[in-house]
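There are 2 protein chains.
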Amino acid sequence: MAGRRKHVVVVGGGFGGLAAVGRLAAEPVDVTLVDRRNYHLFQPLLYQVATAGLSPADIAAPIRSIVNRNPRVRVLLDEMTGVVPGANRIALATDATLDFDYLVIATGAQHSYFGKDHWAAHAPGVKTIDDATRVRRSILVAMERAETNRQENVARREAFLTFVVVGGGPTGVEIAGAVAELTRQTVAMDFRFITPKCVRIILVQSADRLLPGFPEDLSQSAKQALESLGVQVRLSQRVTDIDAAGVTIGEERIETTTVIWAAGVQASGAGAWLGAATDGAGRVVVGSDLSTPDRPEVFVIGDTACVTDAAGRAVPGIAPAAKQQGHYVAEVIAARLGGRPSPPPFRYRHQGSLATIGRQRAVADFGWLRLRGFPAWLLWSTAHLFFLVGFRNRIVVGANWLWNYLTFDHGARLITGADLPAAVSPMM
Amino acid sequence: MAGRRKHVVVVGGGFGGLAAVGRLAAEPVDVTLVDRRNYHLFQPLLYQVATAGLSPADIAAPIRSIVNRNPRVRVLLDEMTGVVPGANRIALATDATLDFDYLVIATGAQHSYFGKDHWAAHAPGVKTIDDATRVRRSILVAMERAETNRQENVARREAFLTFVVVGGGPTGVEIAGAVAELTRQTVAMDFRFITPKCVRIILVQSADRLLPGFPEDLSQSAKQALESLGVQVRLSQRVTDIDAAGVTIGEERIETTTVIWAAGVQASGAGAWLGAATDGAGRVVVGSDLSTPDRPEVFVIGDTACVTDAAGRAVPGIAPAAKQQGHYVAEVIAARLGGRPSPPPFRYRHQGSLATIGRQRAVADFGWLRLRGFPAWLLWSTAHLFFLVGFRNRIVVGANWLWNYLTFDHGARLITGADLPAAVSPMM
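Chains as they are written, first to last, in our numbering: chain R, 1 to 428; chain Y, 1 to 428.
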């Protein structure tokens, strides 16, 4: 096989996959990047699309335009469906197959409803652009309906103006804060018959504090910041049922038309594809070089992998961890290609934890430094602008943020994708 | 009824409806603005959403935020379905009704397929945001499929890379130019196996020149500009059939997966609602004060009205005409409310005709001045930026345009709204 360039297949154009491709571009290999979407999504800001602060294109960049400088990288719009047994070959949704010498699986995670899959229809999460525009639509339609239902049915109006967020991790905290600002400010400025006092936002968290990954004092700061925005924070409570008309929290029934899910994730199907051992969240348990035990030429990274690093720590499912893993497996593959010894086992460098609460506050934990309030928010927005892929997106998002900040405007307040809601009731 | 404020209902939040509402805000009347969408759309730039140059939110502004300064203006998200016979009352899609003293119908127009409604499924037009994202998706998916079909089936690849625009008016000319730039530049920069030479864009026009509303020399300039972008312009030719696999132009069959309709419009249903006389395009024939002959308290404006103005000219279906009519009917209503004589019959002031061709050229006709090429383009972009509703949109669109101009980037190149296309074929 001398002379044939090796072929690395990377599945998934998220943070992990792109980092792997970027590092491999320096090596004499052919790379094929497979993704079922044609764009890379800056997922940490997706909640701002769901709350009408940003447009989808502000936080997404076409994968082809990210990798187009390297002629050895090919992009394939397709979806992985499995590994062909006994061969170095993956199966794709289009019935095509793809041979590889090395395979990097970076296919991320999706929502998990803890076995209650029927909740998904009533409680969308915020993992994809289509998720986010669905949530945006739900919030905006609910306010319109509340406005037109002002006279005849108080209970119905209250249901429209009740927004429930399930899950008190960073995603749930960020969504709850953004929903509070969107609804209260919009209602105050643009509506005639409903007032900010009518709006109720409830954040349900099963643990006894928000942001369990943060130090306790920052959890407390986050709770206070949310409460000052008018969010009702319910700790140590669990959602026991969700249907089209509302949610049940413990024994308490709450009528609402908008429930947003931020509670659980489940890794994509890599465990089943590989017949590999997985943890409770479906993540493939990988070795110290992030390869799978049975197939050393197959690597799993990011939210799809269960990784305990060289220091014995569980690696969290966040963007910086995925990037580090992508870069690391590319180093491992490069070493093997060059006949060099493998790099030392993967070691995760934690750069800090950040969560924002609305337009002015955030909490940040760097171990040696903890920030809260406005300084943390400034840091959060600078960091996110810096990491946004593509300079164009950076200026557009920057302009949008500055504008929102100065005016309280939520410019992307569009109800798209379907006809008029059927149940709007008479106004006069 | 002394003391009760009169109620004006304006149906449609387009250019005409918003102009009427804006002028009526100065009068002691209650105004209700009904629209089935929650946003005003800057339709002249919609083709840029269809060709990935702008995001939907760049050219749309929530209606509530446009009119929120005036407490006597209410906004209702609903859809008009008719007029209740014998009463000053309209029926709405939600089974509600709305009483009025004066009614302004400004519900616009939709595509007309000249009786071939089954063509609609294969040849979307560009009238709504959902239309535009559908066209964008079709173009982007076609390029992806062409890239993966490079080896096995040449005819199939050619069909993916053939884009047919039907209609040689301003909309068709602008779409054809933008499709040419999007596809050729993107293919050159981001794809490996297809080249700009593989791309074919065909503009079909039934008349013997493009832009029949413009002077002949500008029609010729537009044709040359399109041809220099690689568009095949076919004059005096008609589309005789459209199906999922292609179009027939006269007797010639052309295989294509992307057909964009810019050929005909049909007014919304106002004629049927009012039992009023209409012209061939379904527009209600109104009197010299834009009211309907049988109901002087009902006005029809914009693309829904067939207006011959005081100078005997047919008023064109463009944004400036709709704005002037909206302002005019508000004056008429204000005069009647104040017991003053009606203003003189409506007179349309033509401010000029503009059409852009790609990123660098346009044609402009002001009667006393004709421009073409880059000077016309500069004028076109300045005028459009100036008229965009909402300062925020203006800066974002300005930043996007400048960026696109400098980099050839089409940042909104996202395939959203559905899963992976099923028919992508194997790559290797």
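No wet-lab data here; the hints were simulated from the structure. Don't take every hint at face value.
List time: in silico SDA-like cross-link candidates among lysine to any residue, alpha-carbon distance up to 25 Å [unchecked claim]:
| id | chain 1 | residue 1 | chain 2 | residue 2 |
| --- | --- | --- | --- | --- |
| 1 | R | LYS6 | Y | ASP190 |
| 2 | Y | LYS197 | R | ARG134 |
| 3 | Y | LYS127 | R | ASN70 |
| 4 | Y | LYS127 | R | ARG134 |
| 5 | R | LYS6 | R | ILE194 |
| 6 | Y | LYS127 | R | SER138 |
| 7 | R | LYS197 | Y | ASP190 |
| 8 | Y | LYS127 | R | ASP130 |
| 9 | R | LYS127 | R | ASN70 |
| 10 | R | LYS6 | R | ALA121 |
| 11 | Y | LYS6 | R | ILE194 |
| 12 | Y | LYS197 | R | ASN68 |
| 13 | Y | LYS197 | R | ILE66 |
Hints versus structure:
1. For the proposed pair LYS6(R) and ASP190(Y), the alpha carbon gap of about 23 Å is at most 25 Å, so the pair holds.
2. Between the alpha carbons of LYS197(Y) and ARG134(R) the distance comes to roughly 39 Å, so the proposed pair goes past 25 Å and is violated.
3. As the CA atoms of LYS127(Y) and ASN70(R) are separated by approximately 39 Å, the hinted pair breaks the 25 Å bound.
4. Restraint check for LYS127(Y) and ARG134(R): satisfied, since their Cα atoms lie roughly 22 Å apart, inside the 25 Å limit.
5. Restraint check: the Cα-Cα separation between LYS6(R) and ILE194(R) comes to about 63 Å, which exceeds 25 Å; the hinted pair is violated.
6. Of the supplied pair hints, the one linking LYS127(Y) and SER138(R) holds, its CA atoms being roughly 24 Å apart against a limit of 25 Å.
7. At roughly 51 Å between alpha-carbon atoms, LYS197(R) and ASP190(Y) are farther apart than 25 Å, so this suggested pair is violated.
8. In summary, the hint linking LYS127(Y) to ASP130(R) is supported, as the alpha carbons are separated by about 22 Å, within the 25 Å threshold.
9. At most 25 Å may separate the alpha-carbon atoms for a hinted pair to count; LYS127(R) and ASN70(R) exceed this at roughly 29 Å.
10. Distance hint between LYS6(R) and ALA121(R) is unfulfilled; the C-alpha atoms sit about 44 Å from each other, more than 25 Å.
11. Our distance criterion of 25 Å between C-alpha atoms is met by LYS6(Y) and ILE194(R), whose separation comes to about 24 Å.
12. Distance check on the hinted pair: LYS197(Y) and ASN68(R) sit about 19 Å apart at the alpha-carbon level, within 25 Å; holds.
13. With a C-alpha separation of about 23 Å, the suggested pairing of LYS197(Y) with ILE66(R) holds against the 25 Å cut-off.
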